[in-house]
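Work the whole structure out from these sequences, hints included.
First to last, the protein sequences are chains W and C.
Residue numbers for the first sequence, in the numbering used here: 1 to 320.
Residue numbers for the second sequence, in the numbering used here: 321 to 566.
Hints were generated in silico from the structure; no laboratory data involved.
Honestly, I wouldn't trust all of these hints.
What the hints assert, rightly or not - Simulated restraints on C-beta separations:
1. W:L185 x C:T376: 29 to 37 Å
2. W:K16 x C:K564: 15 to 23 Å
3. W:P240 x C:L488: 25 to 33 Å
4. C:A541 x W:K187: 56 to 64 Å
5. C:S470 x W:E314: 38 to 46 Å
6. W:E67 x C:N338: 28 to 36 Å
C-beta: ideal position from N, C-alpha, C; glycine also.
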Amino acid sequence: MPILVYAESDQGIFKKSTQELISFARAIADQMNTEVVAAVTQDPSNANLGQFGAHKVLNLEQPSLSEFNAELVAEALTQAARATGASTVIVSSSANSRYMAPLLAVALEAGYVPNVVGLPQSYTPLTVAHNVFTNKATAFTSLQSSISILGLSKNAYGVHHYDTSAEITKQEVTLNPSSVEVISLDKASNKVMIADAEVVVSAGRGLKGPENWGMIEELAEVMGAATACSKPVSDLGWRPHSEHVGQTGKPVASNLYIAIGISGAIQHLAGINSSKVKVVINTDPEAPFFKAADYGIVGDAFEVVPDLIQKLKEFKAQNA
Amino acid sequence: MKILVCISHVPDTTSKINFNADQTAFDTTGVQYVINPNDEFGLTRALWFKEKQGATIHVVNVGGPETEPTLRKALAIGADEAIRINQPATDGYSVAQALARVVEEGQYDLVIAGRESIDYNGGMVPGMVAKICGYAFVNTCISIEIDGTSVTAVREIDGGKENLKTTLPLVLGGQKGLVEESDLRIPNMRGIMQARTKPLHVKQTENNNAMSQTLRYEKPAPKQAVTLVENAEQLIDLLHNEAKVI
Ligand SMILES: Cc1cc2nc3c(=O)[nH]c(=O)nc-3n(C[C@H](O)[C@H](O)[C@H](O)COP(=O)(O)OP(=O)(O)OC[C@H]3O[C@@H](n4cnc5c(N)ncnc54)[C@H](O)[C@@H]3O)c2cc1C
Ligand SMILES: Nc1ncnc2c1ncn2[C@@H]1O[C@H](COP(=O)(O)O)[C@@H](O)[C@H]1O
Chain W
1 MPILVYAESD QGIFKKSTQE LISFARAIAD QMNTEVVAAV TQDPSNANLG QFGAHKVLNL
61 EQPSLSEFNA ELVAEALTQA ARATGASTVI VSSSANSRYM APLLAVALEA GYVPNVVGLP
121 QSYTPLTVAH NVFTNKATAF TSLQSSISIL GLSKNAYGVH HYDTSAEITK QEVTLNPSSV
181 EVISLDKASN KVMIADAEVV VSAGRGLKGP ENWGMIEELA EVMGAATACS KPVSDLGWRP
241 HSEHVGQTGK PVASNLYIAI GISGAIQHLA GINSSKVKVV INTDPEAPFF KAADYGIVGD
301 AFEVVPDLIQ KLKEFKAQNA
Chain C
321 MKILVCISHV PDTTSKINFN ADQTAFDTTG VQYVINPNDE FGLTRALWFK EKQGATIHVV
381 NVGGPETEPT LRKALAIGAD EAIRINQPAT DGYSVAQALA RVVEEGQYDL VIAGRESIDY
441 NGGMVPGMVA KICGYAFVNT CISIEIDGTS VTAVREIDGG KENLKTTLPL VLGGQKGLVE
501 ESDLRIPNMR GIMQARTKPL HVKQTENNNA MSQTLRYEKP APKQAVTLVE NAEQLIDLLH
561 NEAKVI
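Structure below.
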């Protein structure tokens, strides 16, 4: 029974997380002696999904799926799962997938485990490790349902390369109109999103005021990073709420997280500690963030950050 | 309008997370419990509906008797009645099934839950309740206005916002933005007194199917000490050559 992957796309491009999802599914499929079927809602002909491990691509494309709608995607995947007889469905941790997956779980009477951090611990029954208590602990959970849905944490497995050539088949799905209609979308198209970012540059109350974020944005730009902030910074209105990261804000699971003028309160660390490498820049050597970080500079952000921007530009010029 | 607010009873955000000796259950020793932060934003938005447009608010929790102080707090802030489904919260699916039965019995127009609970972080209960009940569903909701049965809502998406139109009955997965941090309410003496006499119904459930079972927990391995560097150049060198992230 194949493994179905929801191969998400955004504005016509497959998301980078899709590559990781497919590779993860492939490793599971190899263990279970089965195939990976990537379900897509956009034209897949220019994307070689086989190179990440997919055996088949199931094209569900139709006009009502051209924009994301959780209800319609869940219904389309339900039909795809039934048609393929899938035993496992793999989804990402994006806001859209987390919106859609619970609907799919009920439709398929499937157990659903989000925040999965690695390959299954066992296959019969399917048992997986996943983050709980906003990353303060890992739980090992066994699924008792005949179909299972796993939500993979970002950067938890990595992208692997295969030379599989995935055959594309068209799957017709019948969809009723959704009860929720999207009227408009406000999305900054040139900004790196926290959810997708490999590098996140984050700043806290140590920056003193919103007028000082110019250097944070510049640093982010030089690094191709997303900008983020601590909770008080967004509560004070210095930065938009969408940048608030931590236990009660957005989770961060980037490769690199740079915290500038952030003390490292337990609620802040809980949300960002899935990031692989953490850097802290803070005037106070006693700031708790130094206990959580991999690299640190004890220093004044107003001196360190401009210098870092300068040196990164030089570094990039040399390594270009 | 009848509103049901789903309240998850969770360890305070400052809690140290520990487990029992055989690592099979959360150790509650010394842990303070609170209303899940996302649910508190939703509850406060419900109170505004009550005050400005007229609504009755029921709050519900699936859990043991230990969650009653959390429900009483919701009553003290202004909810009208509380319901406790006397059942251990085994997994998201079984909790959603129990909640869906309450929703169907009570014929609620609007069900407000949180985007996720900060304990098990499933982020699955609201969507499951919506699907079981056949209600519309808006997740990561940061704004909602209701006129009759017409609803306009704003959903936070990765990197932006989406403006949505839907109709009651509806389930929300809510978060900060529904109201601001400064709008949250602290129970006053009068509220606490009133909460003592407001109804708190305890219901038994019929069997709900759990789809998963957590076998054990682990805490993250202790971290290596931080490497302190003097300047930007050294940092770039280490990030490039040692950590290999730039
Ligand atoms: C229920 C609850 C939930 C919460 N959830 C979150 C959450 O999700 N995310 C979150 O971030 N917080 C959260 N918090 C808040 C958290 O407890 C802290 O208050 C917050 O993280 C502190 O933000 P900060 O580090 O920006 O500010 P501060 O704690 O004020 O720290 C500022 C830091 O900047 C340093 N500094 C000052 N000047 C400079 C300079 N010139 N250069 C360099 N460094 C400098 C200081 O040494 C200090 O360490 C929550 C709190 C509660 C009660
Ligand atoms: N045991 C429970 N009782 C009542 N509501 C719950 C319970 N568990 C979860 N919820 C609701 O569902 C939301 C999401 O929870 P979760 O799916 O566990 O992340 C919470 O914010 C609550 O509103």
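Each hint, compared with the structure:
| no. | hint | verdict |
| --- | --- | --- |
| 1 | W:L185 x C:T376: 29 to 37 Å | holds, 35 Å |
| 2 | W:K16 x C:K564: 15 to 23 Å | holds, 18 Å |
| 3 | W:P240 x C:L488: 25 to 33 Å | holds, 29 Å |
| 4 | C:A541 x W:K187: 56 to 64 Å | violated, 38 Å |
| 5 | C:S470 x W:E314: 38 to 46 Å | violated, 57 Å |
| 6 | W:E67 x C:N338: 28 to 36 Å | violated, 45 Å |
In summary, the numbered hints that this structure violates are 4, 5 and 6.
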